[in-house]
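Protein chains: 2
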Amino acid sequence: MLRTHTCGELNISHLGQKVDLCGWVQKSRDLGGTTFIDVRDRYGLTQLVLNTDNDDTLRETSRGLGREFVIKVTGTVIERTNKNPKLSTGDIEIAVEAIEVLNAAKIPPFLIEDDTDGGEELRARYRYLDLRRNPIRNNLVLRHKMAQEVRKYLDGLDFIEVETPVLIKSTPEGARDFVVPSRMNPGEFYALPQSPQTFKQLLMVSGFDRYFQIVKCFRDEDLRADRQPEFTQIDCEMAFITQEDILNIFEGLTRHLFKTIKGVEFENFPRMQYADAMRLYGSDKPDIRFGMQFVELNDIVKGKGLGLFDNAELVVGINAKGCADYTRKQIDELTDFLKRPQIGATGMIYCRYSTDGTLKSSVDKFYNEDDLTNWAAAFNAEQGDLMLVLAGQTDKVRKQLNELRLEMGSRLGLRDKNTFAPLWVLDFPLLEWDEESGRYHAMHHPFTSPKPEDIDKLDTAPGDVRANAYDLVLNGTEIGGGSIRIHDRALQSLMFKHLGFSAEEAQKQFGFLMEAFEYGAPPHGGIAFGFDRLCSIFAGLDSIRDVMAFPKNNSGRDVMIDSPSTIADAQLNELKIKTAL
Amino acid sequence: MLRTHTCGELNISHLGQKVDLCGWVQKSRDLGGTTFIDVRDRYGLTQLVLNTDNDDTLRETSRGLGREFVIKVTGTVIERTNKNPKLSTGDIEIAVEAIEVLNAAKIPPFLIEDDTDGGEELRARYRYLDLRRNPIRNNLVLRHKMAQEVRKYLDGLDFIEVETPVLIKSTPEGARDFVVPSRMNPGEFYALPQSPQTFKQLLMVSGFDRYFQIVKCFRDEDLRADRQPEFTQIDCEMAFITQEDILNIFEGLTRHLFKTIKGVEFENFPRMQYADAMRLYGSDKPDIRFGMQFVELNDIVKGKGLGLFDNAELVVGINAKGCADYTRKQIDELTDFLKRPQIGATGMIYCRYSTDGTLKSSVDKFYNEDDLTNWAAAFNAEQGDLMLVLAGQTDKVRKQLNELRLEMGSRLGLRDKNTFAPLWVLDFPLLEWDEESGRYHAMHHPFTSPKPEDIDKLDTAPGDVRANAYDLVLNGTEIGGGSIRIHDRALQSLMFKHLGFSAEEAQKQFGFLMEAFEYGAPPHGGIAFGFDRLCSIFAGLDSIRDVMAFPKNNSGRDVMIDSPSTIADAQLNELKIKTAL
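So the sequence lines, in the order shown, correspond to chains A and B.
The end of the first sequence is residue 581 by the numbering used here, with every number in the run present.
The end of the second sequence is residue 1581 by the numbering used here, with every number in the run present.
A few of these clues could be false.
Straight-line Cα separation of at most 25 Å, DSS-like style, residue types lysine-lysine; simulated pairs [what the hints assert, rightly or not]:
id, chain 1, residue 1, chain 2, residue 2
1, B, K1216, A, K152
2, A, K360, A, K302
3, B, K1072, A, K451
4, A, K262, A, K285
5, A, K262, B, K1152
It is worth saying that the hints were derived from the structure and are not from the lab.
In this text the structure is predicted, and so the values were computed from the model without any measurement.
Isolated chain A, as found in the complex (with noise of 0.2 Å):
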C-alpha cells in the first residue's frame, strides 16, 4: 500500500506515529513558515502541517499544491492545538516530512464540498469530481449497505440467488422494450428485460422454491422526472406458500433493513385494503406518516341546492387541523394548486370553524350553522380547524382530493424525511379498465391470480375482480409489489383471453411458460422491490438519480461519456441493420 492509514482513522492513540496517508488536497492555507494543508480520501479528512521554514523542497512542493492535487504525505501523528470536535481526527495533525505529488490536478469546474456551487448539467459532465463529494459518496455507500443487508437476510431465509439473463424476448404486453439486434440471427433481436418475471416462475416450476435476485431492468419509457430507462430491483419470488407468508416475509426484510441501517424499529405494520385506501386516502399509496383521512359527505350536503354538490357523484374533503387562520391567499394558493391542469379541480369548497367558535363556509348562502356543525361533526373539526371539500367524479375527485391531502401535510410538516410509516396496500383489482385501447389491461401483470373467489365474476364484472396481489408503501411511495401467481395453464389461458391476447399471440409470447406450467408447477408468487427507490428514501433524497452511480439525463443520454452516440456503418452492416431516420 501507498499509505499505512486512511485520512479517517489516526486519533490521540496513534500520538507519536509515522505514518503515510495518501489523498486529496481539500485546501491549503500558507502562513508563511507554516503551512496548513487538509488532505480528504474516502474516510475522511487529516490536517498536516508543513514547517516550511528550513525545508526548500517541502515548501516548493507545497506551495505547488493546488485543490484536488492527489499527495502522498509522510509525517508523525502530533496533538493539535487547536482541536477540532467535529473531525474523527481533529485531535492530531501530521507533521509532515515529505510530501509527493502523486498527481497534479487543474481547477475543478465547481466546489469539491458537501455544499457545491456546481449546477445540475455541470456536475452530470463531471460525474466522476460530484461522486468526490461526502453527500454523494454516502448514498452509494448506503447502497452497497443496504444490498449487503438484503443479501444477508434472505441467505438467511435459505433464498438463493439466481442470475436471469439479460438478453431476453421481447412482449408487447407492458411498458416499451429495449431491444438488441442479433449478429448471429439476422432480422432478429434480444430485449431487455423489465423484469425477470417469467425467469423466476420458471425457477419456481424447476423446485428453487425460494428465489432472489437484486438485478437491473430495463424499460424503454418517456424519461419523466425521475425515471431512469435502466433501474434495480430486489426480485423475489416463493413456492408452496400464501399471501400470508408473503407478507411476513417481506415485512421481515423491510424491519432488518430499518434496523440495521437506519437503527429503527417499527411498533406497527400496518395492511389496508386496497379499496380502504383509495376511500380514505384517494391513493393506492397513502402516506399514513399524518392522518387527514377523507370524509365523505354526500348524506350531509346534498339535497340543500348546490348543484356542485348535489350533481356530483362523490363530495369529499379533508380536515386541516389548526388552518382556520389561513388567509384569503393562502386560500386562493390551494385552489390555485388544485386547477393546475396535472391536478384538474374545477375548484375547491371549504369551512373555517374559528376558534371564537363561529363557523363559516364559502357556501353560506346553501348552508347555515346548523348545517355546518354537521360538516364539523362529520370532519371530527374542532375549533381553529379548517375542512376543505371538493366534489366530483369519484375516481376523479379522489385523486384531486389526495394531491390537497399531501400539500397539506407538507404544509404543516407531518412529511418528515426521518419519520418512516410503512403500509401493506392488500387485495388490487386483477384488471383496470384502459379508456385508450377500450380493453381492460392487467393492474399487476398478466401473471397475477384473481382471488378464487372472484374468478366467476371474470366474464359479469371483470372490474370488480380482485387479486392476490398487493403493494408495500413507504411514506406514501410505492417501494414493492408482487402477487401470488397463476400456475395452472388453463387459468393462465383464460386471464391471457381476458386480457384481448389471441391464442395464437399468447403461445408465441408466454407458450413457453404455459408449457411449464403442464410439468408439475407448485403455488408461488413473489414481490419485487424498486431498490434505487428504496435507497432515496432511506437517505432522505427526493431523486433516484443520487443513489446511482452513473445515471441517465431525462433524454437517456449519459453526458459524461456521451453516449448513446452513433455507431460505424461497419457494426450497421453487420448487424443487418440499417437506421432509417
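Chain B: place on chain A using the hints.
What follows is chain B alone, placed relative to chain A:
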C-alpha cells in the same frame, strides 16, 4: 406456508409429529394395500407410506399420481423398518393421512434423476425441468454461496459494491459490442459493456478507492464451445496500491473461497514470470497440478545431421514418467493428436528409456547411445520413462508441446478435478503483434500501465515492453486477470498512439477518461475474475453452461423461450431502424 417441513429435514427426532410436506412425486410403488411414494423438493427426498385398504379417497388419489405431480401430504412421522442410510431422511417415513394434488404433470420428456436419459438439446428446450435435477441445482446453489462469500470477504475489507451502467457507449477496440438502438436519440446506439473497465477507473478518480461488483458483461463473439454472449465477472479496483497489494488481497479472496466452500487450504500460492511460464510450459496459463516441465535441447541435439533439429529455432521436449512401455499404437495416437489442424505439428520424436536400461529413439540414425544418455540427463529421465520431443519455430513449438503435455497429464491421471493448483502469472507483455491488422494490440487492454523501467522501449522494441499485468491461473485455466492502470493523461495518450488510434479517435472514444485523469487521478489497479468459470471449476465441470440457470446455445439462442425473435414493425419504426437482410 403450505408445509410444516421440507422434504430434507425430517429424521428420527421428529417421530410422532404430524407434518405437512409439499413436493414432486419422484416415484410411486403400489404394493396392493400399501403404496410407497418418494416425494422430492430442493432439500431432499422423503418416503411416504399410504395404507390404502380402508381409505378409498387416498387410494384413488394415489393411483392417479404420476411422476412430477406436485402434492401436499399430511401425515405422521414414523420409523422405517427398512432404513436407508444414504438419505438424511432415511430413518423415517410419513404415514400419510391425506394427499392433495396441487398440480398435475404431464410425463416429463426425460428422467428427472441425477443420471438422465435426456440429450443436450431436449434438456435445453425444457431447461426448467433440467434444473430440477440435483446436479444442476447444486451447481446453482454453489454459485449462490460463492457469490455470497465473495461479497463477505470484500465487504470485510472495505470494498464497496457499486452498480455501473449497462447501457453505455460502443467502442470499436476489443471484441464486438452488442448495441441497443436509442428511441429517444434516433440514429444513436448504446452498447452493452464488455466490462465496467472505464467506469471502475472513474470510481477510483472519484476516490472510492476499493470497488467491486459481481456484474453481467456482454460480448458479441462467435461462440466457441464454452463461451456465452452474457457472462459474469467479479470486477474489482483499488487505489493507492501496488501490484503486490492486489496479488495479496486476491490471493486472500481465492484462499477464502476455497476454505469456506470446499474446505481446501493451500500451502503454497506460487508466482511465475510470464516468460518462465512460456519457457517451461509453453502457456501463459500453466496447469501446475503436475510437473513435466519443458526441457530445451538445442545445445544437445544440434549438429548431428538431423535437419529437423538443425533447422529448428527450438528443440524442446517433455519427459513422460513411466511411459517407456507405450506401444507403437499409443505413440501413433500422440503423433496424430499433434498433427490435428488445430495443433498443427509435423511430427514427434521420441526416446524410450526402457526398464532394462537401454535407450532407443525414433532418430537412432543420428543419435547414438551416448547422445541419448545426454538426452536422458537433460530430461532427468529414469529407466521406464519416455521422452517426447518437438522441433520448430519457438512460439509454435511451445504451443504444440503445451498441448502434448496437457494430453499426457490427462492420460497419466495427473489432472484430478479435486486437486487445485492456483498460480499467479506476472509481468505479461504490454503489447502483442497482430498479424492480421499488421499492428500491435494491447495484450490486456489499452489502460494497462507499462512497467516504468520499460517505457523507453515503447518506440524501439514495443514487443519487449512488459506490463504491470497479472493473471490468476487455476488448474490451467485463467480465472482472473488484471493490471496496474495508467493514471496519467500523457501516458494514456502515448498508449493510444502506439495502439494505432488517431488523436481524434482516442478523444472521441475515451476523451472522458483522459479528461478525468487531469482532475486528480490516484494510482490504481485492479482485477476481474470470470465468475462462471470459477464456479465451473469449483463444481468440477468442464463447461460454464451448467453453472448458469438459463444459458444460450452456440448460436446465441435460448431455445426454451425461443429468443432472439423477430419484433413488430411498429417497434422498428419507433426505433427508426430497418432490418437489411
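Verification of the hints:
1. Distance hint between K1216 of chain B and K152 of chain A is fulfilled; the C-alpha atoms sit about 21 Å from each other, no more than 25 Å.
2. Only pairs whose Cα atoms come within 25 Å are accepted, and K360 of chain A paired with K302 of chain A is accepted, the gap being roughly 18 Å.
3. Only pairs whose Cα atoms come within 25 Å are accepted, and K1072 of chain B paired with K451 of chain A is accepted, the gap being roughly 21 Å.
4. In summary, the hint linking K262 of chain A to K285 of chain A is supported, as the alpha carbons are separated by about 23 Å, within the 25 Å threshold.
5. In summary, the hint linking K262 of chain A to K1152 of chain B is supported, as the alpha carbons are separated by about 21 Å, within the 25 Å threshold.
Hint compliance for this structure: every hint is met.
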